[in-house]
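These are the residues of each chain, in order.
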Amino acid sequence: MQQGISLEHKMKYILLLPLAVMLLLLITFPTIYSWYLSFHRAVLANYFEMPFAGLENYLRVLTDSDFWHSVWFSIYYATIVSLIELFLGFSIALFFNRKMPGKTLIISLFLLPMMVSPALLGVMFRLLLNDSVGLFTYLLGGVSFLTSEYLIPVLIVIDVLQWTPFAFLILYSGLQTVPVELYEAAAIDGASPSQNLFYITVPAVAPFLVIAALLRWLDSFKVFDMVFVLTGGGPGIMTTSLSIYIYKMAFQTGDFGRATAASILVLLAFSMPLVAFVRRARRGINA
Amino acid sequence: MKLARVVLMACVVLSLLVAVVFGTAGATKPVTISMVYWPGPEAEAMEKVVKYYNEKISPKSGVKVEMVLFGREGFFEKEATMMAARSSDVDLYFTCSYIVGQHAPYLETLNDYFAKTKIEGGGLENILPVCVDAMTVDGQVKGLTLDASINLLLYRKDLINRLLTDKEWQAKYQEISKRELGKALTPKQPTEWNWDDFMATALFLSKAHNPDSPTEYGTALQAKNMWPNGKVWSAVLRSMGGSWFDDKGKPAFNSPKAIAALKLYADLVKKDASPKACINYEYTEPNEAFKSGRVALLLQWGVAYNELSNKEVSPLVWDKVGIAPHPGERHVVWLTSMGVGVNKFSKNKEAALKWLGFLTTTEAMKIYGESGGVPPVAEVLTGLSAKNPYFGYAKDYLAKYAFSEKAKDKTVDVLRVLAKYVSAVSGGQIDPETAAGRIQKEVEDLLK
Numbered sequence: 001m002q003q004g005i006s007l008e009h010k011m012k013y014i015l016l017l018p019l020a021v022m023l024l025l026l027i028t029f030p031t032i033y034s035w036y037l038s039f040h041r042a043v044l045a046n047y048f049e050m051p052f053a054g055l056e057n058y059l060r061v062l063t064d065s066d067f068w069h070s071v072w073f074s075i076y077y078a079t080i081v082s083l084i085e086l087f088l089g090f091s092i093a094l095f096f097n098r099k100m101p102g103k104t105l106i107i108s109l110f111l112l113p114m115m116v117s118p119a120l121l122g123v124m125f126r127l128l129l130n131d132s133v134g135l136f137t138y139l140l141g142g143v144s145f146l147t148s149e150y151l152i153p154v155l156i157v158i159d160v161l162q163w164t165p166f167a168f169l170i171l172y173s174g175l176q177t178v179p180v181e182l183y184e185a186a187a188i189d190g191a192s193p194s195q196n197l198f199y200i201t202v203p204a205v206a207p208f209l210v211i212a213a214l215l216r217w218l219d220s221f222k223v224f225d226m227v228f229v230l231t232g233g234g235p236g237i238m239t240t241s242l243s244i245y246i247y248k249m250a251f252q253t254g255d256f257g258r259a260t261a262a263s264i265l266v267l268l269a270f271s272m273p274l275v276a277f278v279r280r281a282r283r284g285i286n287a
Numbered sequence: 288m289k290l291a292r293v294v295l296m297a298c299v300v301l302s303l304l305v306a307v308v309f310g311t312a313g314a315t316k317p318v319t320i321s322m323v324y325w326p327g328p329e330a331e332a333m334e335k336v337v338k339y340y341n342e343k344i345s346p347k348s349g350v351k352v353e354m355v356l357f358g359r360e361g362f363f364e365k366e367a368t369m370m371a372a373r374s375s376d377v378d379l380y381f382t383c384s385y386i387v388g389q390h391a392p393y394l395e396t397l398n399d400y401f402a403k404t405k406i407e408g409g410g411l412e413n414i415l416p417v418c419v420d421a422m423t424v425d426g427q428v429k430g431l432t433l434d435a436s437i438n439l440l441l442y443r444k445d446l447i448n449r450l451l452t453d454k455e456w457q458a459k460y461q462e463i464s465k466r467e468l469g470k471a472l473t474p475k476q477p478t479e480w481n482w483d484d485f486m487a488t489a490l491f492l493s494k495a496h497n498p499d500s501p502t503e504y505g506t507a508l509q510a511k512n513m514w515p516n517g518k519v520w521s522a523v524l525r526s527m528g529g530s531w532f533d534d535k536g537k538p539a540f541n542s543p544k545a546i547a548a549l550k551l552y553a554d555l556v557k558k559d560a561s562p563k564a565c566i567n568y569e570y571t572e573p574n575e576a577f578k579s580g581r582v583a584l585l586l587q588w589g590v591a592y593n594e595l596s597n598k599e600v601s602p603l604v605w606d607k608v609g610i611a612p613h614p615g616e617r618h619v620v621w622l623t624s625m626g627v628g629v630n631k632f633s634k635n636k637e638a639a640l641k642w643l644g645f646l647t648t649t650e651a652m653k654i655y656g657e658s659g660g661v662p663p664v665a666e667v668l669t670g671l672s673a674k675n676p677y678f679g680y681a682k683d684y685l686a687k688y689a690f691s692e693k694a695k696d697k698t699v700d701v702l703r704v705l706a707k708y709v710s711a712v713s714g715g716q717i718d719p720e721t722a723a724g725r726i727q728k729e730v731e732d733l734l735k
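Protein chains in written order, with the numbering used here: chain A, 1 to 287; chain B, 288 to 735.
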């Protein structure tokens, strides 16, 4: 009997081993190596004899105004797009949360933008909004939207078009879990539709809202492909997100030390609030 | 009789064995080398040279060539990763004049090989000297130029010809130049322009200043925050008499010339002589604007000449494309040399050098030129200019006006800083004086 338990105990670890090795290779090693790089003057020219730099990379990043601008832009962009996507996603989910003909087909079509690669979406909009040959420019009577004043709103609109379906998907699933009995009881009590919404629906789907908000905020904060293809982070550094800043630092400037220092600073800055946020979300779901 | 038959059979078997053994030992297996190349028209042209070499030269040289095409997006990043990993998977890396300084520690020096090896119909002396210099780092040739790309001025010949002959147009041109630039200018041929002439023509051919202009904008700047656009602005700076560095080798961006070059971009956009969307323009957008008849002047890469003067691709303007060096106090064209260098960690260096030797020959470069590339060999450019007029201009401009700026392994970094501020100035986010000061500071920090 005891031998059986011991074997089962060992088996657990044996079965976990492949995953542990994978994690070690794909996550642990790169993370440790990033820390190592961040303390060295790691540029392409001296990659194999890189001198120790101490905290120099961190200090240079922290005193770089471009870094702070990119942090600000990423937070601003992520907050705006997640709020709009949550609002629209929730509204559309409420709209579809009833019986209607062709619902499955419409929802399937609505989810299509999510399947497009963000880089491709950037290329598509670069063409559609081109002021010489762009279809949208032509339809809008020659107004060019790829100018300084419209650039950020254009990026927000594209993100919203692509990722509102994602927020919808999560929130629609959430709405499916709300018991109908609650609405029936409220109807007997004479509750209005807005009371139903604010006192039943919103509290019931709150954990889903938190998850959707978290996922969309994190994903938008990391935005890279679409913005890079469309604006290159410009004009100047106006649309340089943190990912673009780090990418340019690593692969255009070739300064891997500073790029990894910037990545680690972001990791540190977001670890604590994220852990708290996830805990709260889990509490909500478990409740 | 029986014995004779046995002896005969034995002789046949023996000779067969000898033939097999010695035949196999005699035929040396060719060494296959792999060469990373930049995808696009340059690679298509190079494929023809590779095919020719593998069919005709390989049997003699014992070297076979394989091309490896990485995607264009993130091309140099992929190469950088391989270099950093000291990979021997490829034998030749693609390199360019602006990045060869970064690649230099990972590339073999070519001087010795070319000094010691006599190559019939080729050798380093067959390549235009300016293109050899462009791939030289601290006196060491680290790459072989195979394609010479130059940034110059493309213009609408028909409009400029009319401006040079039409009295009404000339009067309007003078009125606009007097009002906007403070001096009444007389139209000239673009080969004689300075930047005032360029600005006056751009304003004259913009609807905002001349409602009768056949084009909506005079020009379309490439002002996206992408480092290659820093090269175009650097050509403007050089043609105004400026440079990246002063005589002592110190950065010289906080100078009146640099401020003037930044101001030119700011003014062209502010005065509606270039579309405001130019802050998102790379190579293709200005071409589209030119093809659709929206703009008349481009500071553009020479290869665009072939596209814009192609009847099928550019039906509106194909027969109206003129070409000139950058306007300015001194006419210039920015040279980007593209080519290959031998991987320091390659296991087939000798074979790779043999292939490089062949690439310097007129024979190889002629195939390359006929297939769409711009070979850096004067004889080939002259020979092919009857078929492709651009080659005639390229040969002339490479000899007279070509230059490129380098900052050792930091060239791309400097270009990145320039592109950032050129884009910001064009987008009206910062004034030229402040931008020049910041460029100076950032470049100084970079080169510390």
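Certain hints may be false.
Straight-line distance between alpha carbons at most 30 angstroms, and here's what the computed DSS-like set of lysine-lysine pairs gives [said to hold, decoys possible]:
#1 Lys687/B - Lys631/B
#2 Lys598/B - Lys674/B
#3 Lys558/B - Lys537/B
#4 Lys693/B - Lys222/A
#5 Lys557/B - Lys459/B
#6 Lys338/B - Lys222/A
Derived from the structure by calculation, the hints contain no laboratory data.
Quick rundown of the hints versus the structure:
Between the alpha carbons of Lys687/B and Lys631/B the distance comes to roughly 34 angstroms, so the proposed pair goes past 30 angstroms and is violated. For the hint pairing Lys598/B with Lys674/B, the CA-to-CA distance comes to about 15 angstroms; that is within 30 angstroms, so the pair holds. Pair hint Lys558/B plus Lys537/B does not hold up; C-alpha atoms about 34 angstroms apart against a cutoff of 30 angstroms. Note on Lys693/B and Lys222/A: the hinted pairing is violated, with a Cα-Cα distance of about 33 angstroms set against a maximum of 30 angstroms.
Distance hint between Lys557/B and Lys459/B is fulfilled; the C-alpha atoms sit about 20 angstroms from each other, no more than 30 angstroms. Between Lys338/B and Lys222/A the CA atoms are separated by roughly 44 angstroms; this puts the pair beyond 30 angstroms, and the hint is violated.
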